[in-house]
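Engineer: Model the placement of chain B on the given structure of chain A, informed by the hints.
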Amino acid sequence: MIGGESNPLIGANVVQLKTLNGTTTDAEGHFNLNLERKAPQKLVVSYVSYQTDTINLNETGYGHVHITLNKLKDLDEVEVVSRKSGSHSLRTETRGITSINEGELQKAACCNLSESFENSASVDVSYADAVTGAKQIQLLGLAGLYTQMLTENIPNLRGLAVPYRLGYVPGTWMESIQVSKGTSSVVNGYEAMAGQINIEYKKPDEKDKFFLNLYGSQMGKVEGNLNIRFKLNEKWSTAILAHAEYFGIKHDNNDDSFLDDPLIEQLNLFNRWKYKGDNLRMQFGIQYLKENRKGGQMDFNPEEPHDAENGYGVGVKTDRYLGFLKIGYILRNRANSSIGFQNQVVYHDVISFYGLNNYNANQFSYYGNLMFQSYINDTRHQYTTGVSFALDDYNQQLNDTTWIRNEHVSGAFFQYTYSNYKSLNLIAGVRLDYNNLFGWLFTPRLHAKYNINEHNMLRLSLGRGFRTANVIAENTSILATSKQIVFTKELNIESSWNFGLTYTAYIDIGVKELSITTDFFHTRFNNQVIMDREENPFIVYIYNLDGKSYSNSIQVEAQYEPVNRFELKLAFRYNDVKTTIGGELKEKPFVSKYIGLLSASYQTNLKKWQFDLNVQVNGDQRLPYTGFNPEPYQRPERSPVYAILNTQITKYFKRWDVYIGGENLTNYRQDHPILQANEPFGDYFDSSIVWGPISGIKVYLGIRFTIRK
Amino acid sequence: MKLKLGIIIAILCMAIMQVNAQEIKTTIDTVKIQTSAKCNDCKERLEHNISFEKGVKSVELDNETKILTVVYKTAKTNEEKIKIAITKVGYDADEMPADQKAHDRLPACCQKDADPH
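Protein chains in written order, with my numbering: chain A, 574 to 1282; chain B, 2 to 118.
Next comes chain A alone, as it looks inside the complex (with noise of 0.2 angstroms):
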């Protein structure tokens, strides 16, 4: 029998350990389970909101057992599950959720989230152009912008934040990063159209004490975290999480008279309350973030005016304000039933200048999200419920054009999960959104798994997306070209379809478990903003998608632990997507045919060493047509096949880790990414076409300094 504090728990997950022989607990929260021989004779208990217990039967005896569970700490919808894999995909969870952790996080010491999926197979980051140095992430070969960003469940990173929001979240902030494929949950909003990614910061009341993290490279990047955490008592606690990272050494490897990378200093600063009641809990914090970049032709001086005598420049000024609140309330006379209360206020200011184009804009943005939790009949049938409001007031200047935009959002949803362990787990939620600008907006979603035996699982995904595109803040990449941007009519909302199939298995080779998934997403735009610049060398035509536009994607995916502490992982993916641009149906640019991975990880007998390696082959990408410029300024249909090479060691002593590492240690550049890099005023000048990297070999070197609780 398995009780909570008080009540039984109903619909209970119990497990035995390393297999998949459980069962789920009956109305008086009673269950019956046939062991496995061969397996440990060791029971998982888990149960939503509760923490998970591992009993041993050996100690407790087999016949009658009586279990009680612990009450979690927190409301967070997702629990990431900690094992000693770095990255790993979630086996209980009814969607496919990729969990990296901090072990994982560490693998690539520098610098923010940009570092951080260089294990991962899903996830591909890229720059965005050749001066700023932005890097965009991919999904299923969609752009980042299909993928929602939530930082602890609450929508973030959205609107002006996109061009350089990976540079935002600093590595030794996040506690984990959780990926996940496809549509996700409905309770986010009606945002997450090709995946989700949530990002988990250092919580007050956990861990560490004190932090410290500085790094250097020898291109002269200089950056320092500190996190120091305070527990006033039981209740209260805070956290400080500060960062600072400093570049200010001009390079030009490639001698095309810019920058290979811009100039940068960032100020980034985040304190954090938690209040735990017995009933009420509270999390409340600040954030505020301050960054310059400067980029373009090496003898540009930004002090004396921006024309065409002085070079060609690029200046981004960024402040960003966030403030969030989040109230829990647990009902203590209901198990398993609680209230939430999410909200956010964020304002985001960007002043710049690229080359002869000036933009300057400012975001206010406000989220509200009200959501009750409970369940039908049993706890077996859970749903969550609520109400969310979401406020968008955008400020866009782009030389003598202005625009404004006043967006809000109100919506409802429903959502009911099903959980039994053994066969099946359902999500299937609804929510209904009035939108000022787009009318009436209806998202259906569905996600399941099914257990096909102990070693295999299926999981299916369905669902709905919608976003509002900000074209201007999303492709800052074309403000660094001579082209005019052109709009042709009135855009609508973006909406598509999303369709995923996954497959896991589970192989036993010796003591040690294979994991094999294959996983197929299909995506189908009904409407995209289309960003076509094939039609003529000095407009780039921004419209509706008028006709189709998909992406397919198909990627398998295999981890093993050969050796013990030694971790492998290889994966596979072939991206086939399209849209149809200027009546034709052709290969969307920018987007790998395929990509492989080889991760390898070696940890020495109890964690004083650790060895990564990981390996990233890239495919070829069809790039933007540019027969119609002068030879000089043409580039071939296709970039080439390249690899990336990266490596970390790093030592571990009681206090202090000392890491040192490598980037594109094959030293990988792509030649000429500027084209007339001579003239940047010319007619034809595109810094836009950036398929690789533009900067060499970088090796770092940093220390870890770690006061532990």
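Please keep in mind that the hints were generated in silico from the structure rather than gathered at the bench.
Please note that a few of the clues may not be correct.
Here are the simulated distance ranges between beta carbons [claimed, not checked]:
1) Phe-53(B) to Val-1188(A): 43 to 49 angstroms
2) Lys-33(B) to Ile-1082(A): 29 to 35 angstroms
3) Ile-68(B) to Arg-1138(A): 21 to 27 angstroms
4) Ala-109(B) to Trp-1182(A): 41 to 47 angstroms
5) Gln-791(A) to Lys-33(B): 30 to 36 angstroms
6) Ala-1078(A) to Asp-30(B): 52 to 58 angstroms
7) Lys-808(A) to Gln-101(B): 23 to 29 angstroms
8) Asn-1137(A) to Ile-68(B): 45 to 51 angstroms
9) Ala-817(A) to Cys-110(B): 31 to 37 angstroms
The structure presented is a predicted model; accordingly, all values stated were derived computationally and were not measured.
Think of the CB as a built atom: it goes at the ideal place given N, C-alpha and C, for glycine as much as any other residue.
Structural biologist: Below, chain B alone, put in the same frame as chain A:
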């Protein structure tokens, strides 16, 4: 170039074999010590700190019995040294009481008078 690489690899292999040969000569012993650990935090804290003691080859705390099993090289350390190390983290080690200062620095939930949880 290839020959050079071959020679380097051969030397490395020999060096590793040498190290292994040395390890075989030193004797390995195992000790089980009853500690006053309370919770999972205590387990992490003890295992982390003791793993950095000289000569320790492996360390594991049993969550149920709170017995710490340490495998160590007899040439580099001994049972008493390991027990002293445990007391300095703030826990009792068999008959040896915890270092009072270290014990008082532990979070309230991990101190001896805390309820087991």
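Engineer: Each hint should be assessed against the structure and marked as holding or not.
Structural biologist: We went through each hint and held it up to the structure:
no. : hint                                          : in the structure
1   : Phe-53(B) to Val-1188(A): 43 to 49 angstroms  : 33 angstroms, violated
2   : Lys-33(B) to Ile-1082(A): 29 to 35 angstroms  : 33 angstroms, holds
3   : Ile-68(B) to Arg-1138(A): 21 to 27 angstroms  : 24 angstroms, holds
4   : Ala-109(B) to Trp-1182(A): 41 to 47 angstroms : 35 angstroms, violated
5   : Gln-791(A) to Lys-33(B): 30 to 36 angstroms   : 49 angstroms, violated
6   : Ala-1078(A) to Asp-30(B): 52 to 58 angstroms  : 43 angstroms, violated
7   : Lys-808(A) to Gln-101(B): 23 to 29 angstroms  : 28 angstroms, holds
8   : Asn-1137(A) to Ile-68(B): 45 to 51 angstroms  : 23 angstroms, violated
9   : Ala-817(A) to Cys-110(B): 31 to 37 angstroms  : 34 angstroms, holds
In this structure, the hints that do not hold are numbers 1, 4, 5, 6 and 8, in rising order.
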